[in-house]
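Hints given; two lone chains; assemble the complex.
Protein chains in written order, with our numbering: chain E, 1 to 250; chain A, 1 to 313.
Think of the hints as simulated: they come from the structure by calculation, not from any bench. The C-beta atom is built at its ideal place from N, Cα and C for all residues, glycine as well. Only true hints are included.
In silico BS3-like cross-links for lysine-lysine, where the CA-CA straight-line distance does not exceed 30 Å: (1) Lys107/A x Lys157/A; (2) Lys305/A x Lys287/A; (3) Lys130/E x Lys157/A; (4) Lys130/E x Lys307/A; (5) Lys216/A x Lys107/A; (6) Lys14/A x Lys157/A; (7) Lys288/A x Lys33/A; (8) Lys127/E x Lys157/A; (9) Lys33/A x Lys107/A.
Have a look at the derived ranges for each label pair, beta carbon to beta carbon: (10) Val92/A x Glu36/E: 16 to 26 Å; (11) Ala244/E x Phe161/A: 26 to 36 Å; (12) Phe161/A x Ser61/E: 21 to 31 Å; (13) Arg198/E x Leu117/A: 47 to 57 Å.
Residues per chain are reported as follows:
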Amino acid sequence: MTNHGDIAEYALRLGDDALVHGQRLCEWCADAPFLEEDIAIANAGLDYLGRARMLLQYAGSILGRSEDELAFLRDAPEFRNLLIVELPRGDFAFATVCQYLLDEYELLFFEALTNSKDETLAAIAAKAIKEVRYHQRRSVEWMRRLGLGTEESNRRAQAALDELWGYVAEFFDADELETRVIADGVGVDRSALEVVWRDRVGDLLDEVELSLPGDEWQVSGGRSGVHTEHLGHMLGEMQFMQRAYPGLEW
Amino acid sequence: MSEASDLEQRFEDKIAADERIEPKDWMPDAYRKNLIRQMSQHAHSEVIGMQPEGNWLTRAPTLERKSVLLAKIQDEAGHGLYLYSATETLGVTREELVAALHEGRAKYASIFNYPSLTWADIGAIGWLVDGAAIVNQISLQRTSYGPYARAMVRICKEESFHQRQGYQIMVRLAEGSEAQKQMAQDALNRWWWPSLMMFGPHDGESAHSAQSMLWKIKRMSNDDGRQKFVDQTVPQADIIDLTVPDPDLKWNEARGHYDFGEINWDEFMQVISGNGPCNRQRLGQHKKAHEEGAWVREAMAAYAKRKAETAHD
Ligand SMILES: [Fe+2]
Ligand SMILES: [Fe+2]
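Excised from the complex, chain A in its bound form (with noise of 0.2 Å):
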């Protein structure tokens, strides 16, 4: 047996026993190149994510709810922090990640190319987009590469305080005034869609899925992920009275599980290949908030290198 096959079968033999890939282990090339995709993208989502509920932050409706808002903005960077330092442990820096994303070679979640139009909206991403990316990630604590799976356990604890202040928020308008349910509803109507998107393309139709899940970095499939989301989430939105804009929602007694309505595929291929309402604003932001801040990092750099040169005189 040659060296190279060798190590492959061993990799393999790893991921048949369910035992975790870790930095310094020997990984395909393709492995490695698909892990970077998925982390990547996942800690732009968790960074890009902080756009839409800072568009409330500073018109939060009282001194309680800004503070829990920005709390949970925060734990976001840090996830997206954790993310990144998890992606650099495969060879690449975090300066290049950024940069493949404001050259549009890596994506982000692209519900968060959904304006935040109303404060039922910070309710709305909280209960819904959340809640979605908790049954993902809680299923990806479980995945193969180790410093991922390690993220995911850190970043589980924190999700379900956002669900929570999210549904919340929902809670308090449903039981408000005509003007709060109607907004309720409203942030509803336009976020449920996107949230079933977020599980991404069938599994037949997934152009990463089953290579991924043959190496175990995705444990769950797209279908059986929206599946859950839904089952856990309209009986939530029963319990405040508010209607899930989904005609064919239905419970399948056979089944087990709700039937539900197909998702419009054209307006998710629109939003993935960037025109969705606001992905030019997005990446803007971001793009913007980089540049305006490369002096500062700048600053930071020659002053640790002065700092070291002085140590050494």
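With the rest of the complex left out, here is chain E (with noise of 0.2 Å):
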């Protein structure tokens, strides 16, 4: 039996993943490259909405505390968000690098965790899968218009690439409290996505003539709440309803 205290900190990390990359989309509001961008943007940040919702439900469930508290009255350390959701947003093309990067790790992710012998986890993956996809699709296309369209855009897929590449070692990396949850088949062995990830995005990044950043900068540590400087401005203005109007109803 899985101890429902490991439970509730899985939940919470992939809540706070949805939770963080959905509020960095809320901040392409009205900010888009044209209206049609507008609305796909807003309807992808809807999805990671609706998903942080629901995990962090869950994990509040066991843990005693509502959606709400967990997302604004945590402190910066306390979320477990990978770090590459929270990176500022940048222009388009490092947006659209960053989804598709996600969209690649989400799809083998979520497909793993469809088969949790958690029943909640195993119901919100079925749900997140079919909008990763939906989500996978377009960002492979903005991938290609991105690196076959311009030089300039070829030139700023290639910079957000560079950035973004130091992040992504962080999808694969468990720690102990993950280890455990996969022993129980709750959770999912990361490590084991890597190579099907790195052939997939490797074949892409080809078919769009970038080139594969190398692996020698790598930053990690979002699972165990030590963060980029970011995420605390970001908290700062998300959280800012909760911290100076303490306890009320909205």
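This is the structure in structure tokens:
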């Protein structure tokens, strides 16, 4: 039997990934390169916020805290998201490459999580995988447009890729808690996803004339609460209302 | 009878019979121009209106409110898209319409030139601004130009959700702490008069109204719309104990309507001529996003071309 605390923590990690990424997508509101993209980014944002809510509700049901307490009343070191989702939103190339790398990872991750012995996580994964398939089709198409479009778009996409590549190793790192939930058949062994992920991403980068960056610079720490400087600023904004007016209903 | 006046007669007959004018039908040049002006202004309003609401998206107080607000703003972007497409049936392109906005030749609803300063403003915008827009848009479902009327039918289906989410925010605030009540009252104070201004000048003073009414582009006068909005909104304020900021507001039993005070038309003129608090910010943001997006649109076009060429090889 998996310890309930472990499941709560595991759900919280996944919920934080979705919440922090969803919050970054909200920053594109009325700022996309054209109106159809405003709609598409909002669509993805809604998927991530919906997923964040399900996962935080589930974690909260075990921890005795509401989704909003978890989202708005934890400080940065208590957040457990992957670093890649908290990076400043950047230009459209940065956002696109980030989304693509994440989509390929989530595709493998949620596919595997649908087999979780934890029924709630399996059900959330079953819903998520449908959304992720759609996101991935879209981001692949954008990678083609940027990589094969103009010299400028290719240059911007390459610069984004070089920057973001330092954060992809974290997709595949497992700590002790994760090792326990994997052993119980609840969690996904992310290290097992890496080879397929690298194959798929490598193939696409090749196709769209972008070059694979080297692995010499790698940063991690999100899962243990050691974040970039950016997360605190994001939380300052996101949590403003609950911090300025504690304990009220909205 | 000459061919031109024959066409004109057929057009007038259709309008008189309440039939819809469709894109392929002959229409007077002035009718087409008038529609392009009004429809593109409507489209720009949907899009610029995303900004004051987007201002609170990253700070929404709960995850549920954040999701609902994002869905609402996404709807508005969709409304902009339907309306640009409907306007394009008149023989203009979206690029031309956006250029006209950027060059100050096209307007958008001047209410969006006011700032959204607190969370309560998100409530007030949904309740009042969408509430006023609905009154107008319901009447436009019967507008004489087919594509515009059909766009309005789709849009109206979504608008009642917008008004409701705004009012629910206000209800929650009005039931809340002193600070929350005050926040709600302050938002009502700031958004009430601009909402009444959304209906435009008095009927006698409206530049395009008379001709638009004759052509049945407009189906309701500015003053009638405003009265309708006041009549339906004041009781909603009463229910949640908020005070409409108008000392002259009073139920008139004989008329069966509320009497209300005079709008500050100087302020109205200032804001529509570009001197509202946020005119420069709103237009500046739209231009910035458009300019920063230029390389993206170019890449998309270049890729589409490349793909088409390889398909031919
Ligand atoms: Fe709308
Ligand atoms: Fe609306």
